[in-house]
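Participant: Dock chain B against chain A, hints included.
So the sequences go chain by chain: A and B. Our numbering puts the first residue of the first sequence at 7, with every later residue one more than the last. Our numbering puts the first residue of the second sequence at 193, with every later residue one more than the last.
If you're looking for bench data, these hints aren't it; they were derived computationally from the structure. Note that this is a predicted model, so its numbers are computed, not measured. Only true hints are included.
Quick look at which bits of chain B chain A covers, simulated, 3 or more residues with Cβ under 8 angstroms:
(1) 211-220
(2) 297-304
(3) 329-343
(4) 366-377
So, partial list: chain A residues that the calculated Cβ filter (under 7 angstroms) puts toward chain B:
(5) 87
(6) 109
(7) 159
(8) 209
(9) 221
(10) 239
(11) 248
(12) 298
(13) 316
By construction, the Cβ of each residue, glycine as well, lies at the ideal position given by its N, Cα and C atoms.
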Amino acid sequence: MSTTYLGMPALPVFGQGNLNATEPFPSAAKRELGNSQLRANLGHATHTIRDKRLRVVGELPDWEDLRSAGSATKQSVMARLPELLEQFEQNFTARGGVIHWARDAAEANEIVRDLIREQGADEVVKVKSMATQEIGLNEYLEEQGIAAFETDLAELIVQLDHDKPSHILVPAIHKNRTQVRDIFLREMPGVDPDLTDNPAKLAEAARAHLRRKFLSAKVAISGANFAIADAGTLAVVESEGNGRMCLTLPETLITVMGVEKLLPSWQDLEVFMQLLPRSSTGERMNPYTSLWTGVTEGDGPQNVHLVLLDNGRSAALADEMGRSALHCIRCSACMNVCPVYERTGGHAYGSTYPGPIGAILSPLMTGITSEENNSLPYASSLCGACYDACPVKINIPEILVHLRAEDVDSKRGKKKLPSQMDLMMKGASWAFSSGKHLGLLEKGLPLGRIAAGRRKKITKLPGLVGGWTQSRDIPAPPAASFRDWWAKEHGDPAAGSAPTDSTNTTTNTGERA
Amino acid sequence: MSARTVILDRLRSALRDHPEAPEIPRTYRADSGMSAEERIELLVDRLVDYKAGVTVVDETGLAPRIAQLLRDAASYVVPAGIDGTWLAEAEAGAPGRRRVDAADAPLSVAELDAVDAVVTGSAVSVAETGTIILDGSPNQGRRAITLVPDHHICVVREGDIAGILPEALRRLDGTRPLTWISGPSATSDIELERVEGVHGPRNLDVIIVRS
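Chain A with its partners taken away, still in its complex shape (with noise of 0.2 angstroms):
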């Protein structure tokens, strides 16, 4: 079965579909900034998740040896992950299911909708799946004449909005309920025009809206969270019971999972089903889990179907210091954690993948080199909380750091000319080479003043550095610099002629006496 692998070099092939912003950060951050219905649904949501979860993490006592478990074990993953996955194909194979292989997004829904179309449906049920989100799945399969209906009450929230998910775990995370009630009286048919916005009269029209559909649906679509390779098993977490009406009822059940969602065994679900729960939804643990190992005889779906996705994956596993991004769990703790995602929110980030670990993994899988996605390094402030909250413990700010150091070097390679900031950093490099330089600069600073004005204030920077006044005033440098203020201060004969590299020596002496 496994191929003998000839030492062919294979040069990293990016990922293609829903992973690219069509506008840098910035520019798409500045407009969702403007929106305070947007800041204040995402400041409510984010705070109410974070402290449910920081409470049932705090309920166990070995929260971080399972950290670490989850940590370690998702590097095995990777360091083995074309031996897993041939492992896994045995297994699930062994027992009726049926394995295809995606090199992308494009394979990948063609491969659906060729599965689809075998069955005679034009219909379709949908358990929430990033990774069919990624792919951009259900406009393929619009375009080819077949409804995909998402089932998740957040997607289907989204779906009836004609919006996009703006979080990959509550992806209406952006609307209240009043928005969402506005949506469902415009756009479910048959809905009670007396409906309110109480969230559990929302889920009961939602309920009934989509009970029909479930009961006649032949073919579902899933993702997987986890997928066992000695046992040959999927795995789907949800709430709601729409992820066991799809992996229940339909005859034909179609999977689509990225490569990297392996666990080597069947006891590794132990650390991951303690991780997941809590980091996500800050429950003890979700509603309904639901494994499924191939095909069972009178129960279930009798076509069984997995799609093995790369789209950029083996890209992201070639990256030394940025593989380990590969070993999220889609569990979202890091965009409820990151002062960034909370104001700007995830439509911002354009990408599938939004928030901390999206900035890392959109550029990782479709490239740095990618100019939509080389700002998204950039949309953190590296205050590390992504870090802490992870489950995994994906050092996202040293991947980050990884990344924007790449995206300067790549662009320095597209340019023959020294750019502003290559400028700027050359300066800067000389400037604290020595104290003497720091000194000459210094004598700059009435400059400075001139510059400000009688309200004290610089109001607009040239160039690149006009970044930082554009929402915010610099202040009117001080008469002196603190170097000459010491050098008075303390009495120093050179008090006023440019500091020497000896002044720190004298006057520490001075300080003792």
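Facilitator: Same frame as chain A, now just chain B:
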């Protein structure tokens, strides 16, 4: 070249630096050390938190409790392998309501949708997380019967309650079709507020039987 060959080659090529596969540090809890009584108490606490109905009975209390929970059901479904004594009292009180789902005579989805409740046993439960796991054994039946009816009455035996998840998973065969249930169906999709009752059974009643 097939997509399979291409993808596996790409992955092998991506790993040309031969990263090491570390040992997994399994320093987390493998056993809870809880007594049977503690496990029952914790499971009850968790299930109540999920807004499931819970009662703890001894063997003699089981049939009366099931009969009581089925009081208002016009019909209910059970898997063929269920222990008949569980239903004796419900049957005696109001006969003719029982539908049996068997491998050679499965009910249609429409028939399942028409019944009011389902009664099953369970494989293993996890006290710490309030999770009940079904594995398709004869007293639990195929997955559809515990999904379509709106009221699930589930019997949990004291001996099947594990303290924490690792203890529970050791008792299960992962290749069986498994359903883990932690309370009635719920959603947190609107403003991250939990609402019980969406597509799965909106009512979950758990009967814990002491041995």
